[in-house]
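Protein chains in written order, with the numbering used here: chain A, 767 to 974; chain B, 36 to 545.
Treat each hint with caution, since some may be false.
[Said to hold, decoys possible] Under the rule of at most 25 Å between Cα atoms (straight-line distance), these lysine to any residue pairs were calculated in the SDA-like manner:
no.: 1; chain 1: A; residue 1: 953; chain 2: B; residue 2: 327
no.: 2; chain 1: B; residue 1: 310; chain 2: B; residue 2: 122
no.: 3; chain 1: A; residue 1: 881; chain 2: B; residue 2: 185
no.: 4; chain 1: A; residue 1: 953; chain 2: B; residue 2: 178
no.: 5; chain 1: B; residue 1: 418; chain 2: A; residue 2: 953
no.: 6; chain 1: B; residue 1: 180; chain 2: A; residue 2: 881
[What the hints assert, rightly or not] The following label-pair restraints were derived from C-beta to C-beta distances:
no.: 7; chain 1: B; residue 1: 282; chain 2: A; residue 2: 776; range: 32 to 38 Å
no.: 8; chain 1: B; residue 1: 411; chain 2: A; residue 2: 869; range: 33 to 39 Å
no.: 9; chain 1: A; residue 1: 869; chain 2: B; residue 2: 147; range: 38 to 44 Å
no.: 10; chain 1: A; residue 1: 868; chain 2: B; residue 2: 465; range: 53 to 59 Å
no.: 11; chain 1: B; residue 1: 466; chain 2: A; residue 2: 923; range: 29 to 35 Å
no.: 12; chain 1: B; residue 1: 119; chain 2: A; residue 2: 806; range: 14 to 20 Å
no.: 13; chain 1: B; residue 1: 119; chain 2: A; residue 2: 852; range: 40 to 46 Å
Read the hints as simulated data drawn from the structure, not as lab findings. For each residue, glycine too, the CB sits at the ideal point set by N, CA and C.
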Amino acid sequence: MKKFTDADFQTQLGNVIAELEQASQIEIVVLIKQRSANYDDVPMGLAANLSLLTFSILFFIEMGIDDYIIYFATLAAFGLGLLIALALPFVQRLLVGKKRKLRNVEIMARALFQKGGLHHTSTQVGTLIYISLLEKMAYIVSDRGAQMAIPEQQWQIITSNLNNIFKTKNPPESLLKELTKCKETFKQYIPALENNINELPNDLRIDL
Amino acid sequence: MKKILSLFSATVLLLGLIVFSIQDVQARFSGGHSSSSSHSSSSHSYSGSSHSSSWSSHSSSYSSSSSSTGNISLVTFIILIIVVLFIIWIIYKNQPKTMIIRNPNNRFDESQLTIFKQHDANFSRIVFLDFVHLLYVKYYSYYGKKEFSYLTPYLSDSVKKDNMLDLLIGKQVIIIDEIVTNSVRLYSMSSTDTEEVIGVEIESNYSIHPAFYTQDTGKQHSRYVRTERWFFQRNKGLLSPAPETMQALSCPACGAAAHFTDTGECDSCRTVIIKGQQQWYVRDRFVLDQTLLNTGDLVSYSEEQGTNLPSLKSPTLVQEIAGFEKQRVIVWSDYWLTFKQQIVENYFLALNAAWTNHDLTKVRHLVSDRLYEANSFWMALYKQHQWNNRLDDLKIQDVSLIKIELDTYYETITVRIFASCFDYTEDNDHKIIAGSNKKRRAYTEYWTFARRAGVEKTENNFNINSCPQCGASADKMGQAAICDYCGSKISTGNFSWVLFLITQDENYLG
């Protein structure tokens with residue numbers, strides 16, 4: 767299975783973007799990040815709740831348990847909860863509410879769009895496709911021109927399809943497929959001009 | 036908040052454990068004699084006694100040997116919780132919060148207008164804003180079309196050329212239509228030795244369709260809300276033209292209908308119009324904001340925001356009243372009472388009843404063209420979704436005077452209306468989808484009425500159901516507000532007051 771970090775995948779992604787931009791006037795930048803926020807409170811919350819649960823069970827169970835066992839078992843439960851949440855990303859994903867994940871992904875996407883200067887294209891057609899791996903979410907931020915050229919329903923379909931790549935066995939491969947599928951939509955709604963100038967680098971790297 | 040709660044539960048738990056363990060150790064340390072007792076209880080429990088007995092023996096050891104130490108531990112525990120809560124409160128207090136700060140400078144400085152009128156006595160805010168509205172709608176309607184050249188004398192070269200619009204409209208990617216301006220207001224007025232500049236803020240919404248029409252794609256359209264700032268410029272020392280000239284986009288030289296070449300030459304008189312020499316032209320335009328219009332917002336009822344804000348009365352209201360008294364030769368207190376009852380209250384009740392009944396035709400003659408257009412759009416949007424916004428049992432609590440503005444062509448009176456009603460939205464099956472028909476909603480709005488200067492008809496003789504010009508029933512006004520009986524256009528304020536503007540209290544800036 768391909769990984770998002772594979773050099774091979776990166777090359778293929780670059781090629782797909784180039785194809786999209788050749789067929790359409792749109793300027794696409796795809797950014798993939800491990801996560802959109804540090805959910806520091808999640809391990810802490812899980813650890814606290816796990817230790818509270820352990821403490822309560824040991825406290826109320828009708829069995830003679832040494833006080834030191836209660837004390838250390840509670841501490842151990844705290845450590846275990848911390849470890850589980852830190853080591854297993856899917857636990858964090860499960861514990862963080864969908865609304866919060868979506869908000870963080872949106873904030874990160876908009877910040878990257880801004881910092882990457884994607885709003886500086888002359889025809890205002892810069893579009894960021896942002897993929898956040900921990901949250902398993904995709905978010906699209908498009909500039910005014912692209913936003914106006916492509917109907918909202920189409921944007922929703924594209925976003926939904928991109929979100930669905932995480933339900934497949936091979937998300938990187940599915941991402942490439944979905945991006946390729948966008949080609950027809952982009953070409954239809956915002957066709958390329960004769961002197962189509964690529965105003966944004968395809969392999970843009972932005973750190974916040 | 037979740038983060039703080041998790042932190043709190045973790046901290047309290049740890050503190051609890053610490054206190055618990057300290058307490059336990061202290062109980063054991065409180066004397067060798069108690070240690071053996073405690074130990075025996077433990078060993079007793081190991082030997083198979085019930086847990087409760089183990090604890091009871093445990094507590095008895097506390098009570099017998101270290102009750103004072105236990106109390107101290109409890110107090111320590113409570114103090115620690117208080118300390119933790121205090122720390123959390125400090126952290127929460129310092130959390131960044133989203134605050135909307137209304138910059139007082141955003142309020143248009145009316146003194147600028149007063150100064151401006153000193154050297155252009157013909158300037159009328161109403162006429163100018165109508166001119167802006169006209170130009171704005173034509174700009175987007177004509178962009179990319181042959182007719183766009185008709186606007187040449189009114190647009191600077193930079194405004195005429197927009198890369199984004201060139202791509203989208205010029206290359207026939209999209210079509211913009213159904214342009215509705217929600218508000219147009221003066222933003223700034225400034226001048227140099229040679230030029231005068233007026234900034235205007237325009238809020239509008241419009242539909243965008245893909246230009247290539249097919250059965251499928253033709254149905255796809257998105258509606259956007261947009262805020263723009265346009266800056267108009269003209270040479271210094273000019274007098275504003277009469278309203279008829281301003282409202283028609285005609286040739287400033289000969290007055291013929293605007294037919295210009297790309298170079299700005301009038302088709303009729305062959306004069307090459309130099310921008311700003313006789314009339315205002317758009318020097319710059321900036322898009323401040325553009326968002327997708329979410330129809331869900333129509334049925335989202337948030338708390339009224341500006342109801343309790345103080346009324347933004349004009350700082351020169353006393354002088355304005357005196358000026359009005361002088362111009363109309365009236366006693367203000369008498370006039371205000373009549374105006375309030377005959378115009379403000381009657382218009383308010385009639386217009387809201389028309390809104391609730393989805394029929395603006397009966398009140399068409401009471402509102403300006405722009406306001407009618409905007410309200411018709413919103414009403415159509417409700418209808419499209421088969422929703423009905425009702426304002427039942429509407430009651431006016433108070434009406435207060437805010438501003439009076441007089442100029443050569445128009446007189447305007449702005450009032451703040453305090454009202455309440457059962458405001459709710461229901462679907463076609465009368466199922467309430469937003470708001471409430473049981474809880475009254477109090478709100479306030481700023482309404483601006485305008486009338487052509489010099490209209491002699493008194494408010495006492497005015498009937499809102501009749502044409503103010505011929506007195507016939509106002510049942511045949513049509514969309515354009517032209518009386519079918521006498522052929523007069525009523526919505527210009529030439530014959531009586533028309534409602535020119537409605538501003539929500541939280542948005543009113545004076």
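Hints, verified against the model:
At roughly 22 Å between alpha-carbon atoms, residue 953 (chain A) and residue 327 (chain B) fall within 25 Å of each other, so this suggested pair holds. The straight-line distance between the Cα atoms of residue 310 (chain B) and residue 122 (chain B) is roughly 65 Å, outside the 25 Å bound, and the hint therefore fails. At most 25 Å may separate the alpha-carbon atoms for a hinted pair to count; residue 881 (chain A) and residue 185 (chain B) exceed this at roughly 40 Å. The straight-line distance between the Cα atoms of residue 953 (chain A) and residue 178 (chain B) is roughly 23 Å, inside the 25 Å bound, and the hint therefore holds.
A C-alpha spacing of about 35 Å is found between residue 418 (chain B) and residue 953 (chain A), which places the hinted pair above 25 Å, so the restraint is violated. For the given pair, residue 180 (chain B) sits about 36 Å from residue 881 (chain A) by alpha-carbon distance, which is inconsistent with the 25 Å threshold. Distance hint check for residue 282 (chain B) and residue 776 (chain A): the Cβ-Cβ separation is about 60 Å, which falls outside the suggested range of 32 to 38 Å. Taken as a hint, the range 33 to 39 Å holds for the pair residue 411 (chain B) and residue 869 (chain A), whose Cβ atoms sit roughly 37 Å apart.
Distance hint check for residue 869 (chain A) and residue 147 (chain B): the Cβ-Cβ separation is about 42 Å, which falls inside the suggested range of 38 to 44 Å. A hinted range of 53 to 59 Å is violated for the C-beta pair residue 868 (chain A) and residue 465 (chain B), which are about 35 Å apart. Checked against the hint of 29 to 35 Å, the pair residue 466 (chain B) and residue 923 (chain A) passes, with Cβ atoms roughly 30 Å apart. For residue 119 (chain B) and residue 806 (chain A), the hinted distance range of 14 to 20 Å is satisfied, since their beta carbons lie about 18 Å from each other.
Between residue 119 (chain B) and residue 852 (chain A) the C-beta distance comes to about 24 Å, which lies outside the given range of 40 to 46 Å.
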